[in-house]
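Number of protein chains: 2
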Amino acid sequence: MTTPLIDDAVTASVADLARRAREASRELALLSRARKDAALLALADAIEANMPQVIAANERDLARGRETGMSQGLLDRLRLDEPRLSAIADALRQIATLPDPVGEVVRGSTLPNGLQIRQTRVPLGVVGIIYEARPNVTADAAGLGLKSGNAVILRGGSAAEHSNAALVAVLRDALTQQGLPADAVALLTEGGRDAARALMRAHGLVDVIIPRGGADLIATVVRESIVPVIETGSGNVHVYVHAAADLDKARAIVMNSKTHRPSVCNAAETLLVDTAIADLFLPDMLAELAGAGVLLHGDEGTRRAASGRDVAVDEATDKHYDTEFHALEMSVAVVDGLDEAMAHVRRYSTGHTEAIVTEDRAAARRWAAEIDAAAVMINASTRFTDGGEFGFGAEIGISTQKLHARGPMALPELTTTKWIVEGDGQIR
Amino acid sequence: MTTPLIDDAVTASVADLARRAREASRELALLSRARKDAALLALADAIEANMPQVIAANERDLARGRETGMSQGLLDRLRLDEPRLSAIADALRQIATLPDPVGEVVRGSTLPNGLQIRQTRVPLGVVGIIYEARPNVTADAAGLGLKSGNAVILRGGSAAEHSNAALVAVLRDALTQQGLPADAVALLTEGGRDAARALMRAHGLVDVIIPRGGADLIATVVRESIVPVIETGSGNVHVYVHAAADLDKARAIVMNSKTHRPSVCNAAETLLVDTAIADLFLPDMLAELAGAGVLLHGDEGTRRAASGRDVAVDEATDKHYDTEFHALEMSVAVVDGLDEAMAHVRRYSTGHTEAIVTEDRAAARRWAAEIDAAAVMINASTRFTDGGEFGFGAEIGISTQKLHARGPMALPELTTTKWIVEGDGQIR
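Residue numbers (numbering that gives the first Met the number 0), protein chains in the order written: chain A, 0 to 427; chain B, 0 to 427.
The hints are simulated quantities; they were obtained by calculation from the structure and are not laboratory data.
Hints may contain errors.
Covered stretches of chain A, as calculated for chain B (at least 3 residues, CB under 8 angstroms) [said to hold, decoys possible]: (1) 103 to 109; (2) 114 to 123; (3) 224 to 230; (4) 382 to 389.
If you only want the chain A side, here are some residues facing chain B, beta carbon under 7 angstroms, derived [claimed, not checked]: (5) ALA251; (6) ALA361; (7) VAL375; (8) ASN378; (9) GLY406; (10) GLY422; (11) ASP423; (12) ILE426; (13) ARG427.
Predicted model, so just to flag it, every value in this text is computed and none were measured.
Glycine included, C-beta positions come from ideal geometry on N, C-alpha and C.
Generate the whole structure from the sequences, applying the supplied hints.
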């Protein structure tokens with residue numbers, strides 16, 4: 000494959016940073032849980048003790064954001080104030096309370112020849128995280144990395160560059176004061192796009208890259224990275240209201256899936272309604288969605304159902320069904336039975352979360368068996384696909400790929416395993 | 000990233016084949032173990048019933064191999080005769096006896112809100128396998144794919160093209176006779192390198208690509224593939240004889256690791272010997288290795304130890320320490336203690352298998368904790384890193400990467416998981 004030229008100096012500087020991260024990772028891999036937890040609490044305290052300088056750095060990012068015409072929503076995501084920094088610190092303290100995945104024996108046995116084998120969890124090593132504007136990811140990723148014994152190399156969005164630099168400076172200082180290597184947390188600040196590219200080429204130095212952000216960012220990383228990638232967060236999520244649905248449950252699940260927090264990846268984007276119940280269910284449902292401010296795109300059946308009501312439903316195109324709105328906007332289609340619903344999902348799904356609402360046991364079983372997604376929901380809101388909701392206590396992202404981790408990724412997903420084989424001179 | 004041009008017709012034809020494989024995979028994912036096992040037995044019978052035509056096809060490959068000057072070793076690996084075909088059929092029957100990984104509930108719980116969540120093993124979907132000359136991989140991969148509910152797309156080496164085509168034709172016929180989709184096993188026969196490239200770009204249609212073969216093949220796939228890759232089989236394997244080693248065990252482990260089957264990835268390539276025991280251990284060890292026909296490359300300390308004996312040891316260069324010989328050839332170095340041994344391994348290891356021979360508990364513990372490899376051996380031959388030896392019953396390869404699978408990969412490693420969440424109307 001032809002590779003675009005990357006500035007040599009950038010490649011060398013990223014490789015140097017990755018090598019220092021790898022050195023640090025060797026030390027982190029051997030730390031006891033007690034050392035790691037103490038360090039996490041120290042990082043949390045350091046963030047709270049250094050709020051003024053982090054907030055000052057954040058002001059610079061906000062000022063530039065306003066100058067460049069950043070939307071209010073993005074400015075809000077970018078903002079760090081005292082309550083938010085306290086929440087970031089508390090998240091680190093929360094990570095300290097979680098079990099340490101490192102050292103867990105996943106399986107093991109004694110072989111007939113007396114060899115004792117055990118598959119043991121160990122850190123991945125060096126984890127690269129490429130993310131967009133939200134600076135809370137910076138501390139979160141550092142904390143999850145530290146607890147799982149990994150060094151992290153962070154590549155944040157340029158919109159948050161001063162905020163991220165200030166946070167990372169605080170974290171690195173605190174690590175040093177704990178007697179731990181500052182290079183456990185590194186930030187790629189220079190080199191522009193070439194630096195991100197060089198990180199994605201650092202096969203052998205970086206063990207995995209996790210992109211967190213929009214579909215474009217993820218697609219770019221998947222295309223360009225030679226380092227293994229865990230795809231996260233792409234969610235074109237469907238709710239299918241089956242002919243045998245309890246319509247009260249369906250209504251609540253649709254509203255919650257769409258409107259509870261529309262900007263996140265487990266929010267629903269498309270509503271599929273069975274022909275058999277379309278006339279009964281859709282008019283009120285569409286009115287309720289529209290009443291909550293949801294912009295609606297519907298196929299012919301949907302528009303017919305809406306026609307008796309004062310609800311605007313414009314004509315849905317293929318492009319609508321293919322779009323993750325992450326906003327108060329939804330595509331709707333009327334489908335003729337379970338098979339047509341599953342065919343629609345197969346065509347448009349990103350494999351994140353797919354929900355059916357039904358009281359029919361056979362339909363629920365088929366949905367669970369045949370839908371290919373990280374999570375399938377039966378009579379539950381799509382918003383439950385979440386590390387916190389699943390009881391994992393923390394989340395680095397939601398994997399929508401099939402290798403290594405699928406669904407909410409927590410601390411164990413930031414580890415790999417090693418086979419430890421102990422013998423007494425055995426040969427074959 | 001600039002992408003090299005791929006012939007459009009080849010891209011379209013590979014995409015079409017991948018789409019048919021995906022259709023087939025949906026059917027395979029729902030098969031009961033009984034259906035899959037019956038099909039595996041039928042595939043085995045079909046191979047035995049069609050030996051003459053497979054052998055005739057193989058003769059064509061062998062003839063071309065002889066014409067193009069293929070080595071005796073490679074010709075031998077390529078050859079299919081009745082005993083080998085029976086062995087291939089028996090391997091399929093053996094796969095039928097193994098437990099079905101699909102449907103296993105890996106973990107699960109009932110959340111405080113009453114939601115029941117369970118993480119369940121499901122097939123990956125479509126697995127691409129790119130491999131070199133050995134045609135037994137063709138049947139093996141098809142059998143492991145079928146048992147784990149995956150469709151496989153095979154891309155064999157051109158040296159075995161007639162053999163592979165004959166085998167796949169037999170397997171597809173047998174699948175059809177079993178009422179199963181023939182597209183569960185597909186062979187990429189046309190399109191040359193562009194076909195392999197198109198397969199590696201079929202992100203979304205192919206779920207994983209597993210390269211099996213030499214270091215060059217693996218490096219090419221890692222560099223070019225957009226589909227996630229599991230790297231296998233790269234083994235620059237070390238045996239370190241520590242100062243506190245039992246020298247009889249050490250001698251046996253070194254001989255077995257190097258000479259038992261030198262062509263495979265878990266064979267040792269470098270011997271590291273502690274300074275403290277070099278004079279005592281090395282002269283006899285080098286003589287025994289040389290006596291078994293092993294060509295030796297050593298550093299100064301090694302050559303000094305060999306000087307009193309009639310053993311040829313040429314000067315080892317950095318390149319030797321970096322080479323997987325896969326032959327009766329070995330690099331040797333004298334190292335000053337455990338830390339220097341670990342530093343050597345860190346520098347040259349491919350992360351496959353690394354062995355220490357020692358009676359010192361602290362040294363063994365440090366080796367197990369600090370060496371970063373799929374398998375670490377304490378007082379055992381490196382040849383034990385093997386799915387069969389570990390009791391897995393089958394092996395698709397030995398992963399040397401950290402994501403998804405590390406070490407011997409068997410049936411469970413050909414699956415992913417899906418979260419099935421059952422509720423009764425829960426919302427957030």
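Status of the hints after comparison with the structure:
{"no.": "1", "hint": "103 to 109", "result": "violated (count 1)"}
{"no.": "2", "hint": "114 to 123", "result": "holds (count 5)"}
{"no.": "3", "hint": "224 to 230", "result": "holds (count 4)"}
{"no.": "4", "hint": "382 to 389", "result": "holds (count 5)"}
{"no.": "5", "hint": "ALA251", "result": "5 angstroms, holds"}
{"no.": "6", "hint": "ALA361", "result": "14 angstroms, violated"}
{"no.": "7", "hint": "VAL375", "result": "6 angstroms, holds"}
{"no.": "8", "hint": "ASN378", "result": "5 angstroms, holds"}
{"no.": "9", "hint": "GLY406", "result": "5 angstroms, holds"}
{"no.": "10", "hint": "GLY422", "result": "3 angstroms, holds"}
{"no.": "11", "hint": "ASP423", "result": "6 angstroms, holds"}
{"no.": "12", "hint": "ILE426", "result": "4 angstroms, holds"}
{"no.": "13", "hint": "ARG427", "result": "5 angstroms, holds"}
This entry does not satisfy hints 1 and 6, going by the numbered hints stated previously.
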